Amino acid sequence: MAYTSVRAGAEAIAAAERLIQSPGLENGEALLELRQVRNQFRAAVDQIMGEGGLYAPDLAALALRQAEGDMAEAAFMLRAYRSTLPRLGYAHPVRGDEMEVVRRISSAFRDIPGGQLLGRTRDYTQRLLDLDRQTANAFVAPERSENGHAPAPNGAGSWSGYAKKVSDTMRAMGLIPPLVDQTAEPDDITRHSMRFPVRRPAWLQGLARGETGALVCLAYSALRGYGGGDHGTIADLRVGDLPLRVTHPFTNQPLTIGTYRVTECEMTGREKPPATAAGNGHHQPAMYGLSYGLVFGQNERKAISMSVLDSALMAGAGGGEENPAPANDQEMVLSNTDGIESFGFVEHLKLPHFVTFGSGLQVTEQLNLAAATPANGHGPGPAEDVDDEFR
Amino acid sequence: MSAPGHTLPAAAVETAALPGYNYAFLDELSKKAIRRATLKAVAIPGYQVPFGSRELPIARGWGTGGLQLTLSLIGPGDVVKVIDQGADDSVNAVNIRRLIERTAPDVTTTTETAAATIIQSRHRIPELKLRADQIMIYQVPLPEPLRVIERREAETRRMHGEADYSRMWVALYEDIVRNGRITRAAGYPVLVHHRHIMSPSPVPRWDLPPLHMAENLSLYGAGREKRIYAIPPFTDVAPLAFDDYPFAVEAFPGRRCALCGSETTFLVPTPDEHGQSYDVCSDTDWCAANRQQKASEA
Amino acid sequence: MTALASPARSHHAAPAAETVAPGVVLAVRDMTKLYGPGCPECLRQTGPAVNRTTCPVCGTVVACAEITFDLKAGATLGIVGESGSGKTTVLRCLYGDTGPTTGVATLLTLGQPGRDLFTLDPQDRRRVRNFDIGMVYQTPRQGLRFSISAGGNVAERLLAAEWRQIKRIRDRAAELLDRMEVPLSRMDDMPANFSGGMQQRVQIAKALANEPVILLLDEMTSGLDVSVQAGVLDLVQEIQHESNIAVIVVSHDLGVIRLLSDTAMVMKNGCIVERGVTDQILEDPRHPYTQLLVSSVNS
Ligand SMILES: Nc1ncnc2c1ncn2[C@@H]1O[C@H](COP(=O)(O)OP(=O)(O)OP(=O)(O)O)[C@@H](O)[C@H]1O
Ligand SMILES: [Mg+2]
Ligand SMILES: [Zn+2]
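Protein chains in written order, with the numbering used here: chain A, 4 to 394; chain B, 20 to 317; chain C, -11 to 287.
Derived from the structure by calculation, the hints contain no laboratory data.
Note that this is a predicted model, so its numbers are computed, not measured.
Ideal Cβ placement from N, Cα and C applies to all residues, glycine included.
Watch out, some of these pointers could steer you wrong.
What the hints assert, rightly or not - Over 12 Å on every C-beta distance to chain B, these chain C residues come out as not near it, computed from the model:
hint: 1; residue: C27
hint: 2; residue: S71
hint: 3; residue: R129
hint: 4; residue: Q130
hint: 5; residue: G139
hint: 6; residue: L147
hint: 7; residue: A149
hint: 8; residue: W151
hint: 9; residue: L221
hint: 10; residue: S231
hint: 11; residue: D250
hint: 12; residue: Q268
hint: 13; residue: P273
hint: 14; residue: R274
hint: 15; residue: V282
hint: 16; residue: S283
Said to hold, decoys possible - One-sided and incomplete, this derived list gives chain A residues near chain B with beta-carbon spacing under 8 Å:
hint: 17; residue: R82
hint: 18; residue: L88
hint: 19; residue: R90
hint: 20; residue: H95
hint: 21; residue: S196
hint: 22; residue: R198
hint: 23; residue: E334
hint: 24; residue: I343
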């Protein structure tokens, strides 16, 4: 059926809707329980929450099931739902070291205060398809519950679940500049559209909602030399739960109302000396910089990419570069990595364009007509008789 | 435009037809923020006002800017018409209209241009002249007319601020030098109120003359790009052109609508199975009315 | 323009029109441009006396410091000085590529009250740049758009001045290019395909398109061979004779300065170290740096 000028557009839509409402269930198969989706497709659910910009595991699972595994669609549904919710307040800022950690590594040092905790990761496993586990009943449930952070780090005696930041240690060693208190309210990119150049809080928010694949692509380009320089070193990569703290509406006291799982990445790298101070014999102490990534759920790939891009954007923030590498260019990074926007616009090409196409067709016809009659063909031609009088 | 109820979100939920969703989908605070941006846009004709664009259950790039304008404005008593390429029954128009119907049950929808208080459109203006009590809302994919010559937003913003448009004009000059004419087709840039260069959204050139000194308010919404702009009623709108290379709309010499016989409307070519092509009005409502009138005269 | 830091010495207010000598089109007072954070020591710790441009306290580059001069209609002012002495900075501030840190530059055009270039709103500043001042940059890349034709480059200035007839625009562009001895057959070619001398001549045509009151020429002949140089200099001289245009010509080449300018200033480390009638400066230089400059040419 033609999709434009359909006399029965509404009917066609209704039919399409009926088709997507019944996922490919065969032989009376049961729909997956949301609990099953949430627990067995954890990575997908986490990624959807991050890109959808809403921490809601059950809704993300619902979106994933409804979208039949289409991650972009699922993140989009969550984002659209989010915009129906009134913004009633802001949570209190929390520090990363308040995190109850379930996994935590640092590649900067062999041993770190608090210790390394490998936790739940595929990093050092062999990616072999479990061909002998193709049927569900061949699977044996693990003994340990996922939240019981039982194992001790590196065999160390006690593991509280909380750990000091490697960056704090580095600060104590004088390697990175002291923290400055940020009193200015950060921008809220969901309430005010970005106007370039934007400040760091705005780009961190943009990256946190960015599409995982897009961030990986640009971060990778930076690591390969398109605007990256030396690649940084992970000071702290941790996965765990942060407290959600709000002001109690009646008592006005801070109140913890829940926790949310995040991946946090702090990346350190040698700073380039500021451009203006270069080459004038005016030396500043050599410092390491710290870049940051924080995403919902366990999505280490995205958190690392975010911190790589944060570093690249800080390097590019001075401007001056006439043709910055993509990763150094705020507008390039932030305007092109939102998955909801990019997939929407790419797919809008499916919409009818016959009016614009027809209008273009006309111009083409006229150009071809003009080309066929050379007399009034190309260009207005330069003036023949140049006036001698000047000025 | 009738004023939407300023009910609290919680109370509004109960009146919505779609359980769990607010009246006209967006929460009231969001609608207010959008209306504030709209007011600013009306105050500075042709200037792109940034706004905190909300995600809608319609994909980005599929009319979310126009739809946010519509949703922030509609209230009881409004009559809404939605068209895509001039057609009320184009699937995307149908889908947008359905969302409005589902979330704002006391708003009526129509296909009849004259009956509408708000017309949301993609790529066309109805052929029928609009009245002062009607609002035209355009879906805008790329609000920045200067992007074709300058991709950095900080720079295009400076250019607008200083009315530094010579590079845009040079682009047209170069077009003429290379091609003997200005080859821009749809989305032809216009100068609004002698001040801002504006993208009229990808409407054909055919639709630009009616914008000049129009009686109705025109609102432009770019959801993905997060900009709102406007042409208030009775505003000067001039397509960029030269004295000796004047602006020209699409011409359809010797062609007429295969359905209603019209020779005075914007026609779209439609190929048939034999490799031939016939033309029909892009404005389906106008075409139907024309046919009806001819039938009643006969 | 708000100062990032207050340099040590005083900051003059805009000179009232009557305090300026008759015939002056541009009165520049205490124009200072800092690159960097700036500190109270910047101006004291830099300059020819200490032979430094970078402030040892805060690392700021003092690109030009307290530049003051008058430019008269029909006159040509030369600026000489070693590389990095701030010559280009002076021109870029006046043209509006960058704003000075402090200072005033009053433009006195016919029938207009004196206007301080540095406090104009951006739209008016743009108009001054489009109508009243023309600039030829040190390198053609800075002054031309290489993605549009030579004719388009000249046309851009005319379009900025609201010319809206293609025929007139092309006639005028052709007239200017012809005048600059750029073959008209190349008018619609891209400047990237031109020789360096041709590019520079297109730049001059562009700068002159709107008959500016002031023309700024930055090392326009460096990088050109001697015969092309002579041709370009002839052109500029002709323009000077035919019109009442005021010109600032920057060059490290004393020959160019001698040929084109009536009065001249010598810059070193961001400061003016000597000024006066060009011939006098060249015959009888006072400042040791100028003496060195002149002797190195004469020897
Ligand atoms: N954008 C900038 N940032 C920092 N310093 C700058 C900048 N532009 C110029 N400078 C510095 O200002 C000083 C003056 O530079 P300017 O270009 O005016 O010198 P110049 O006299 O034109 O030199 P040349 O003869 O080499 O062209 C130099 O020390 C230069 O390094
Ligand atoms: Mg220079
Ligand atoms: Zn018809």
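Comparing the hints with the structure gives:
Every C-beta of chain B lies more than 12 Å from that of C/C27, the closest at about 29 Å, which supports listing it as non-interface. In this structure C/S71 is separated from chain B by more than 12 Å, as the shortest Cβ-Cβ distance comes to about 30 Å. Every Cβ of chain B is farther than 12 Å from the Cβ of C/R129; the closest lies at roughly 16 Å, confirming the non-interface assignment. No beta-carbon of chain B comes within 12 Å of the beta-carbon of C/Q130; the shortest separation is about 16 Å.
For C/G139, the non-interface assignment is contradicted: its Cβ lies about 7 Å from the closest Cβ of chain B, within the 12 Å cut-off. Here C/L147 does not stay apart from chain B, with its beta-carbon only about 4 Å from theirs, under the 12 Å limit. Distance to chain B contradicts C/A149 as a non-interface residue, since its nearest Cβ pair spans about 9 Å, not more than 12 Å. A Cβ of chain B approaches the Cβ of C/W151 within 12 Å, the least distance being about 9 Å, so the stated non-interface status is violated.
The claim that C/L221 lies off the interface holds: its Cβ sits roughly 29 Å from the closest Cβ of chain B, which is beyond the 12 Å cut-off. Every C-beta of chain B lies more than 12 Å from that of C/S231, the closest at about 23 Å, which supports listing it as non-interface. At roughly 33 Å, the least C-beta separation between C/D250 and chain B is larger than 12 Å, which holds for a residue marked as non-interface. C/Q268, annotated as away from the interface, keeps every beta carbon of chain B farther than 12 Å; the closest lies near 42 Å.
The Cβ of C/P273 sits about 43 Å from the closest Cβ of chain B, beyond the 12 Å cut-off, so the non-interface label holds. Non-interface status of C/R274 relative to chain B is upheld: no Cβ of that chain comes within 12 Å, the nearest being about 43 Å off. With a minimum CB-CB distance of about 43 Å to chain B, C/V282 clears the 12 Å threshold, and the non-interface call stands. The Cβ of C/S283 sits about 47 Å from the closest Cβ of chain B, beyond the 12 Å cut-off, so the non-interface label holds.
Checking A/R82 against chain B: minimum C-beta separation of about 4 Å stays under 8 Å; hint holds. Restraint check, A/L88 versus chain B: the minimum CB separation of about 7 Å is within 8 Å; hint holds. Restraint check, A/R90 versus chain B: the minimum CB separation of about 7 Å is within 8 Å; hint holds. Here the hint on A/H95 is broken, as its CB sits about 21 Å from the closest CB of chain B, past 8 Å.
At a threshold of 8 Å, the smallest CB-CB gap from A/S196 to chain B is about 3 Å, leaving the interface hint in force. Contact between A/R198 and chain B, as hinted, is supported at the beta carbon level, the nearest pair being about 6 Å apart and thus within 8 Å. Interface hint status for A/E334: upheld, as the beta-carbon distance to the closest one in chain B is roughly 6 Å, under 8 Å. Hint on A/I343 holds. Least Cβ distance to chain B is approximately 6 Å, under the 8 Å limit.
Hint compliance for this structure: hints 5, 6, 7, 8, 20 are broken, all remaining hints hold.
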